[in-house]
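A.B. asks: Read off the chains here:
2 protein chains.
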Amino acid sequence: MNFLRAKGRPSKALVTREKIAEAALKIIDKQGYEKLTMARIAREMGVGPSALYNHVENKHELLILVEDAVMAQVDASLLDAALAGEVSVRYALEVWARSYRDVFARHYPLVEVIASTPVSGAPRAVKMYEKLAEVLAFAGVESAQILPRIIMLESFIYGSAFDANAPQEIFEIPEDGDVEVPYLRSARAAWLEKLSAAAIKEHKAANPFAEDPFQTGLAALLADFLPAVPGEQPPSK
Amino acid sequence: MNFLRAKGRPSKALVTREKIAEAALKIIDKQGYEKLTMARIAREMGVGPSALYNHVENKHELLILVEDAVMAQVDASLLDAALAGEVSVRYALEVWARSYRDVFARHYPLVEVIASTPVSGAPRAVKMYEKLAEVLAFAGVESAQILPRIIMLESFIYGSAFDANAPQEIFEIPEDGDVEVPYLRSARAAWLEKLSAAAIKEHKAANPFAEDPFQTGLAALLADFLPAVPGEQPPSK
DNA sequence: ACCTGAACACCGTTCAAGT
DNA sequence: ACCTGAACACCGTTCAAGT
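Sequence order for the protein chains is G and D. Take the position in the first sequence, starting the count at 1, then add 9; the result is the number in my numbering. Take the position in the second sequence, starting the count at 1, then add 9; the result is the number in my numbering.
One or more of the hints may lead you astray.
A pair counts as met if it fits within one copy or between any two copies, since identical chains are not told apart.
[To be verified] DSBU-like, lysine-lysine: derived pairs with alpha carbons at most 30 Å apart:
| id | residue 1 | residue 2 |
| --- | --- | --- |
| 1 | K68 | K136 |
| 2 | K35 | K68 |
| 3 | K203 | K140 |
| 4 | K68 | K28 |
| 5 | K136 | K203 |
| 6 | K21 | K203 |
| 7 | K68 | K44 |
Simulated from the structure, these hints should not be mistaken for lab results.
With the hints as constraints, model all of the structure from the sequences given.
C.D. replies: Pasting the structure below:
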């Protein structure tokens, strides 16, 4: 692979777990997840593919490394602000959730990894969950309810990350179809008309159709376990 | 591959799209998604792998076939009952959503396929969406709100399907870790204690921890856009 | 301990040849 | 139109050899 380096152990380690995550993220950003192969990651680092196996057990473990790095991109700064009493818990969780969804919309192949792997392998993910648990406790959520509320929010966020990646035409039905779908067709037309007026041109998410479902759902889930804040305006619908 | 059959076109087609989906589901049920390869599907049908390419463009298109077959396993019978006025829309959607989640918890690798592929390629999925749109219209949801409410529910269902597959120990943190996570640890302990009393032994879902987040979240999302039914008891928390 | 380089058992997919 | 069978360009992973 590398024609300049002799065989055998180099005087200084060429590969580290941090450098692997870094190289992987570079490839993901530039070429996408389909191109994320052991060979490409190794090439990006200037070593042979087998060199990676001195630092990770297999590709799944490598993806956990990437997951943890991606987790650190989530904006959890308002969670601290909420603990300091500077913003409401409701608002802090809304901003956090939106950032979480946006980050994993770009990295949706990792959702399966996070959802199926013990968090303990991803220290920065653990840190985020710890902060979240603290915020919910601070907000008065009873102890046994903290984890199920976090999981509830996360489930919605993960699903919404997928939805944000959906093509705009996902609910488009060709006219010539042999089945009649009048309700679906008119529902889509009505929504499209409403959207084209406002949200499409600003398209906050990748998919403008993803905005309302996420915003409305998030507000409903938060309202369910957070006490209403007096003087705060209710989420606009 | 098959040593008994001569080359060339057989008198009767050996492969059809229906048979492909059938063979794929058989493999998924018995060996799981990791083992779902073109070669194995072909082998199950007694043909060579390349024979499949006369019926599907590529593996992704094959997965859409599977998706559509799996969609048909979702229990949508109560949606009809709701339209007939036999049960409340709320209850019908709850049963539908639970079935949907259970089915795709078993088939979570398909979630990415559904979420990223136009529904028009999956006729049975279209049928389900049409029925859903009709039910929401029947319940008085305004036209432009029907599709965003469906997507909102679906996002939560997909995320919950992943969560149902999570290992029980996903939030377990080893004692010897170098980071302190007191809030997360006590939140987990409190929930575990509450759960072990009741839900663990009956474990409706694969993962008993998935039950409360799903039930509570679903109720909150439904309550947000369905008018309260007088005389119906509110969802127990 | 940590690299190289060859090798292995698979993947999905293509395509000429055949009826 | 629809199959076979050989082939291709990859995959992730293993392991002896080397320092």
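A.B. asks: Give a verdict on every hint.
C.D. replies: Quick rundown of the hints versus the structure:
Only within a single protomer do K68 and K136 lie at most 30 Å apart by alpha-carbon distance; the minimum there is 24 Å, versus 39 Å between protomers. Taking the shortest Cα distances, K35 and K68 sit within 30 Å of each other both inside one copy (16 Å) and across copies (27 Å). For the homomeric pair K203 and K140, the shortest alpha-carbon distance between copies (22 Å) is at most 30 Å, but the shortest distance inside one copy (38 Å) is not. Taking identical chains as interchangeable, the C-alpha atoms of K68 and K28 lie at most 30 Å apart only when both belong to the same chain, with a minimum of 15 Å there against 33 Å between chains.
Taking the closest pair of Cα atoms, K136 and K203 come within 30 Å of each other only across two copies (24 Å); inside a single copy the shortest separation is 41 Å, beyond that limit. Taking the shortest Cα distances, K21 and K203 never come within 30 Å of each other, neither inside one copy (61 Å) nor across copies (51 Å). Both within a single protomer and between protomers do K68 and K44 lie at most 30 Å apart by alpha-carbon distance, with minima of 13 Å and 17 Å respectively.
The structure is inconsistent with hint 6 alone, although it conforms to all the rest.
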